[in-house]
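Protein chains in written order, with our numbering: chain A, 9 to 124; chain B, 6 to 116.
These are computed hints drawn from the structure, not numbers from a lab.
Among the clues, some could well be false.
As the list claims (entries may be wrong) - Mimicking DSS-like on lysine-lysine, the simulated pairs with C-alpha atoms at most 30 Å apart in a straight line are:
1. 76(B) x 103(B)
2. 6(B) x 62(B)
3. 76(B) x 22(B)
4. 22(B) x 62(B)
5. 19(A) x 65(A)
6. 103(B) x 65(A)
7. 19(A) x 103(B)
8. 76(B) x 113(B)
9. 86(A) x 22(A)
10. 19(A) x 113(B)
11. 76(B) x 65(A)
12. 62(B) x 113(B)
13. 103(B) x 86(A)
14. 65(A) x 6(B)
15. 113(B) x 22(B)
16. 86(A) x 6(B)
17. 65(A) x 22(A)
18. 62(B) x 76(B)
19. 103(B) x 22(B)
20. 62(B) x 103(B)
Stated by the list, open to error - Which chain A residues face chain B? A few, computed with CB under 8 Å, are given here:
21. 21
22. 51
23. 96
24. 118
Every residue gets a Cβ at the ideal spot worked out from N, C-alpha and C, and that includes glycine.
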Amino acid sequence: GAGVSQSPRYKVAKRGQDVALRCDPISGHVSLFWYQQALGQGPEFLTYFQNEAQLDKSGLPSDRFFAERPEGSVSTLKIQRTQQEDSAVYLCASSLGGTGTWDGYTFGSGTRLTVV
Amino acid sequence: KNQVEQSPQSLIILEGKNCTLQCNYTVSPFSNLRWYKQDTGRGPVSLTIMTFSENTKSNGRYTATLDADTKQSSLHITASQLSDSASYICVVPSGTYKYIFGTGTRLKVLA
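Work out the full structure, taking the sequences as your base and the hints as a guide.
So, in structure tokens, the structure goes:
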């Protein structure tokens, strides 16, 4: 596609519910990133995929967070047993090259998750 | 610890006025610094990229400066417009793929 597409745009979940957030990167982009942006804060790194390989998941805040990119294109970020502190905007970004190539990210518009 | 700090946290100016946003970073090793604009409800969009050897770069009404010795960057907006109202985020790569984002400056331009 022309840009990075994320869905849903908004998600309200009851505490304890599982959620799945989807990211469609730009076609052909090798790298895919997930960031978490709390209200009034800058985005914070969650995880990085190069094609289907998850090279870095050091930013995932707990084992309730799980991300996958099984075919090297679409990615899903899953949060199990959501907690109120999970409320944030989840940004997906993609980049044409792999590690070491600074061609920059293109961000999606994000999914705003509110846990009530 | 790799950090990016921005000031001011928020800023309100009248349409047509100029403003300057500041960014200090402690990320090492340093390769480049980027300024992003984030409209409400949207993802960040790149404004400019400053490499180690660049001191000043302009993109329309936006001019970024970089002092690699003092590890400071600024973003100057000239003749502000209502559409400039957004968050401006300073970003420095850490390692080969990870970005360290500042907390941003929220700019509001009033008519």
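Do the hints match the structure? See the list:
1. 76(B) x 103(B): Holds. Residue 76(B) to residue 103(B) sits at ~19 Å (cutoff 30 Å).
2. 6(B) x 62(B): Roughly 28 Å between the alpha carbons, so the hint for residue 6(B) and residue 62(B) holds.
3. 76(B) x 22(B): holds, 27 Å
4. 22(B) x 62(B): holds, 20 Å
5. 19(A) x 65(A): holds, 23 Å
6. 103(B) x 65(A): holds, 11 Å
7. 19(A) x 103(B): Status holds; Cα separation ~26 Å.
8. 76(B) x 113(B): holds, 26 Å
9. 86(A) x 22(A): holds, 15 Å
10. 19(A) x 113(B): Given pair residue 19(A), residue 113(B) holds - Cα atoms ~28 Å apart, limit 30 Å.
11. 76(B) x 65(A): Given pair residue 76(B), residue 65(A) holds - Cα atoms ~28 Å apart, limit 30 Å.
12. 62(B) x 113(B): holds, 23 Å
13. 103(B) x 86(A): holds, 21 Å
14. 65(A) x 6(B): Holds - the C-alpha atoms of residue 6(B) and residue 65(A) are around 19 Å apart, at most 30 Å.
15. 113(B) x 22(B): holds, 12 Å
16. 86(A) x 6(B): holds, 29 Å
17. 65(A) x 22(A): It holds: about 26 Å lies between the C-alpha atoms, which stays within 30 Å.
18. 62(B) x 76(B): Judged against 30 Å, a Cα distance of about 16 Å means the pair holds.
19. 103(B) x 22(B): violated, 35 Å
20. 62(B) x 103(B): holds, 23 Å
21. 21: This interface hint is violated because 19 Å lies over the 8 Å limit.
22. 51: Holds: closest Cβ of chain B sits about 5 Å from residue 51(A), inside 8 Å.
23. 96: violated, 13 Å
24. 118: holds, 6 Å
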